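All chains, please: the whole structure from these sequences, using the hints.
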Amino acid sequence: MIISASTDYRAAAQSRLPPFLFHYIDGGAYAEHTLRRNVSDLEDIALRQRVLRDVAELDTATELFGERLAFPAALAPVGLTGMYARRGEVQAARAAAAKGIPFTLSTVSVCPIEEVAPAIGRPMWFQLYVLKDRGFMRNALERAQAAGCTTLVFTVDMPTPGARYRDAHSGMSGPNAPLRRMLQAATHPRWAWDVGLLGRPHDLGNISRYRGHPTGLADYIGWLAANFDPSISWRDLEWIREFWTGPMVIKGILDPEDARDAVRFGADGIVVSNHGGRQLDGVLSTARALPAIADAVAGELKILADSGVRNGLDIVRMLALGADAVLLGRAFVYALAAAGGSGVEHLLDLLQREMRVAMTLTGARTVADIGRDTLTGVTRDRFVSP
6 MIISASTDYR AAAQSRLPPF LFHYIDGGAY AEHTLRRNVS DLEDIALRQR
56 VLRDVAELDT ATELFGERLA FPAALAPVGL TGMYARRGEV QAARAAAAKG
106 IPFTLSTVSV CPIEEVAPAI GRPMWFQLYV LKDRGFMRNA LERAQAAGCT
156 TLVFTVDMPT PGARYRDAHS GMSGPNAPLR RMLQAATHPR WAWDVGLLGR
206 PHDLGNISRY RGHPTGLADY IGWLAANFDP SISWRDLEWI REFWTGPMVI
256 KGILDPEDAR DAVRFGADGI VVSNHGGRQL DGVLSTARAL PAIADAVAGE
306 LKILADSGVR NGLDIVRMLA LGADAVLLGR AFVYALAAAG GSGVEHLLDL
356 LQREMRVAMT LTGARTVADI GRDTLTGVTR DRFVSP
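In this text, residue positions in the sequence shown follow this note's numbering: the first is 6, and each later residue adds one.
Don't read these hints as lab results, they were simulated from the structure.
The structure displayed is predicted, hence computed values, not measured ones.
One or more hints might be untrue.
[As the list claims (entries may be wrong)] Mimicking SDA-like on lysine to any residue, the simulated pairs with C-alpha atoms at most 25 Å apart in a straight line are:
| # | residue 1 | residue 2 |
| --- | --- | --- |
| 1 | 104 | 64 |
| 2 | 137 | 66 |
| 3 | 307 | 160 |
| 4 | 104 | 163 |
| 5 | 104 | 139 |
| 6 | 137 | 163 |
| 7 | 104 | 72 |
| 8 | 307 | 66 |
| 9 | 104 | 137 |
[To be verified] Restraint ranges, calculated between C-beta atoms of paired labels, are given here:
| # | residue 1 | residue 2 | range |
| --- | --- | --- | --- |
| 10 | 239 | 140 | 33 to 39 Å |
| 11 | 126 | 271 | 52 to 58 Å |
| 12 | 271 | 17 | 39 to 45 Å |
| 13 | 221 | 271 | 34 to 40 Å |
| 14 | 300 | 123 | 37 to 43 Å |
| 15 | 53 | 354 | 22 to 28 Å |
| 16 | 370 | 224 | 49 to 55 Å |
| 17 | 187 | 126 | 36 to 42 Å |
| 18 | 38 | 240 | 30 to 36 Å |
| 19 | 199 | 271 | 41 to 47 Å |
| 20 | 188 | 230 | 45 to 51 Å |
Backbone N, C-alpha and C fix where the C-beta goes; we use that ideal spot for every residue, glycine too.
Below, the structure written as structure tokens:
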């Protein structure tokens, strides 16, 4: 049964990928309750269907940080995207550019900044963590600015990695992981040929450029665990705010007080996010957290949201709850793994079309028309504080 394009692409990705890669992108933390609620809570958002509203002239475009977007979405930073398709970050970035939305390159991408930026026809965004190695952070920021990256997405909800038990079971980590990954690759010949052989080098490109030698998948978990910094605070971000000349977005906000702190810090935007359910299980879904945060800081900075968005209707739901735009993570990686850059383009085309249908049937001519009035009273009572 076809439910959505992302559902179909997920099934195709599971068939094509070695299990360690599929479960790395598909899984969450602990028992994965928040992972599931991200999707189910969004599905529970009921919209008001309106009729006879004259929506013949309908526009999904919006402006974000001085850029015109074809629809209010950007591709989220996803680590190891280059393991899901041959030079996957380049393919995904080209697809996003072709559909008129931004691509965000992860700190822990396979393809380095210098490979991805020249390959696309529009500026890209860059994501960075707070790491103990401040020299790496400065090096990455300098290289991102030199490559023309316009917006910095600063992820703050990973002072330590979440407990992701699927990774130990799948072979991403745990005993005999390299051997298990090799055996899995051998039983998935299409991936082994297209990505395993032709998609080399399989190292963390941005980190390797800084360290001067390859940092491969075997080093990935250890390097991250050693470099995440649980001592971080807002003052640790001040030098970055002064150094970075473009918009700065704080990713990983789930509490209204943290959103107010981001305003006081001088951020240009926030991403309301629980890291796709991959950090602390049992926290609010993004759909549940978003309205209170929007009530606290709307109009003072741009509000983006991620986690659980699987179709164009979900984009409208997030906007109705208070977001200005969404970040797409798993949905685009499933499409990339299944069909490369053309799969990502196809997915984005479908999301925009689904969004247009939802806008038509709720009577919204523009993105600015989507708001709390787009929700039914029942949904407002359940999700929105009075």
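A quick look at each hint next to the structure:
no.: 1; hint: 104 / 64; verdict: holds (15 Å)
no.: 2; hint: 137 / 66; verdict: violated (39 Å)
no.: 3; hint: 307 / 160; verdict: holds (16 Å)
no.: 4; hint: 104 / 163; verdict: violated (30 Å)
no.: 5; hint: 104 / 139; verdict: violated (35 Å)
no.: 6; hint: 137 / 163; verdict: holds (12 Å)
no.: 7; hint: 104 / 72; verdict: holds (14 Å)
no.: 8; hint: 307 / 66; verdict: holds (16 Å)
no.: 9; hint: 104 / 137; verdict: violated (37 Å)
no.: 10; hint: 239 / 140: 33 to 39 Å; verdict: violated (21 Å)
no.: 11; hint: 126 / 271: 52 to 58 Å; verdict: violated (31 Å)
no.: 12; hint: 271 / 17: 39 to 45 Å; verdict: holds (43 Å)
no.: 13; hint: 221 / 271: 34 to 40 Å; verdict: holds (38 Å)
no.: 14; hint: 300 / 123: 37 to 43 Å; verdict: holds (42 Å)
no.: 15; hint: 53 / 354: 22 to 28 Å; verdict: holds (26 Å)
no.: 16; hint: 370 / 224: 49 to 55 Å; verdict: holds (51 Å)
no.: 17; hint: 187 / 126: 36 to 42 Å; verdict: holds (38 Å)
no.: 18; hint: 38 / 240: 30 to 36 Å; verdict: holds (33 Å)
no.: 19; hint: 199 / 271: 41 to 47 Å; verdict: holds (44 Å)
no.: 20; hint: 188 / 230: 45 to 51 Å; verdict: violated (25 Å)
Comparing the model with each earlier hint shows violations of hints 2, 4, 5, 9, 10, 11 and 20; every other hint is respected.
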